[in-house]
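S.K.: Residues per chain are reported as follows:
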Amino acid sequence: MGWTFYNSNGEALVQHAESEAVQSEMEGETAVAKFVPPDLVKNSPGVAKCWCVITAAGAIESPSYNVASIDDNSTGNRDINFTTDFSSNVYATAAIIMMPADDISIVRVSGIAAGAVNIQISNASGVIDIRTSQAIFGDQ
Amino acid sequence: MPVDNFKLLHQSQITTTAGALYTVPANHETIVKYITVVNNDTEALWFTLFHTTGTTYSEATTIIPEATLPAGGWAEFNGTITMDASDIIGGDAEQASEITITIYGDEIDVS
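Protein chains in written order, with my numbering: chain L, 17 to 156; chain Y, 62 to 172.
Treat the hints with care, since some could be wrong.
[Unchecked claim] Per label pair, the in silico range of CB-to-CB distance: (1) Thr-116/Y / Pro-54/L: 25 to 35 Å; (2) Thr-77/Y / Ser-35/L: 56 to 66 Å; (3) Val-38/L / Asp-170/Y: 36 to 46 Å; (4) Ser-103/L / Ile-92/Y: 58 to 68 Å; (5) Ser-78/L / Thr-78/Y: 52 to 62 Å.
These are calculated hints, taken from the structure and not from any lab test.
Source: prediction; values computed, not measured.
Note that the Cβ used here is the ideal one computed from N, Cα and C, for glycine as well.
Please put together the full structure from these sequences, using the hints given.
M.R.: As structure tokens, this is what we get:
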């Protein structure tokens with residue numbers, strides 16, 4: 017048996033990393049013996065960088081994540097503006113309509129920029145305002 | 062014939078300057094069995110321990126690198142450290158008069 021460290025309550029201390037990981041290590045999934053602070057969890061490649069629900073009227077619902085604002089451009093046409101931009105216009109947007117009744121609508125991701133994404137909703141009759149949910153993955 | 066002397070080998074408060082804490086007397090060999098290091102302060106402080114055969118207190122002789130004890134916390138060593146005559150357990154601490162070290166073992170008279 018070697019050394020054991022205790023706190024003032026006599027509880028044995030478990031070995032732990034004392035230095036903090038950085039964003040590049042999170043993004044690269046680098047195997048380092050460092051701890052991940054809460055504000056860096058989002059930098060893991062598999063974590064959504066933005067998510068939100070937009071009402072049929074084109075307003076954002078609370079809560080949401082990394083959404084600065086919604087532009088309700090026209091019927092079925094919304095921009096999601098990010099608080100923290102992506103590093104490029106290459107990222108993945110998953111979007112789906114939220115409607116209890118049967119409806120064959122599609123959500124199309126149109127314009128994609130580092131700072132915003134445009135989504136458009138339509139059905140057989142044309143563009144339509146429907147409540148939608150979005151989750152976006154990528155690099156910031 | 063060797064004579065065992067199980068005893069308190071050393072007790073002090075470690076200073077900020079690396080130096081000798083316990084030195085094996087001439088004609089003796091020592092087996093350290095138990096060490097406690099206590100942080101008496103209200104803030105976390107580190108300490109370092111060395112085992113040197115001379116007077117070198119550096120990375121080359123470190124047995125515990127700068128290890129931080131939480132406020133009011135302590136560390137204990139329960140094992141075996143063998144020492145020859147004139148070998149030294151040395152140490153330093155982040156702050157003086159706050160880290161207490163106590164060393165127990167068998168100081169064997171081999172004269």
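S.K.: Give me the numbers of the hints this structure contradicts, sorted from smallest to largest.
M.R.: Numbers 1, 2, 3 - these are the hints that the structure violates, sorted from lowest upward.
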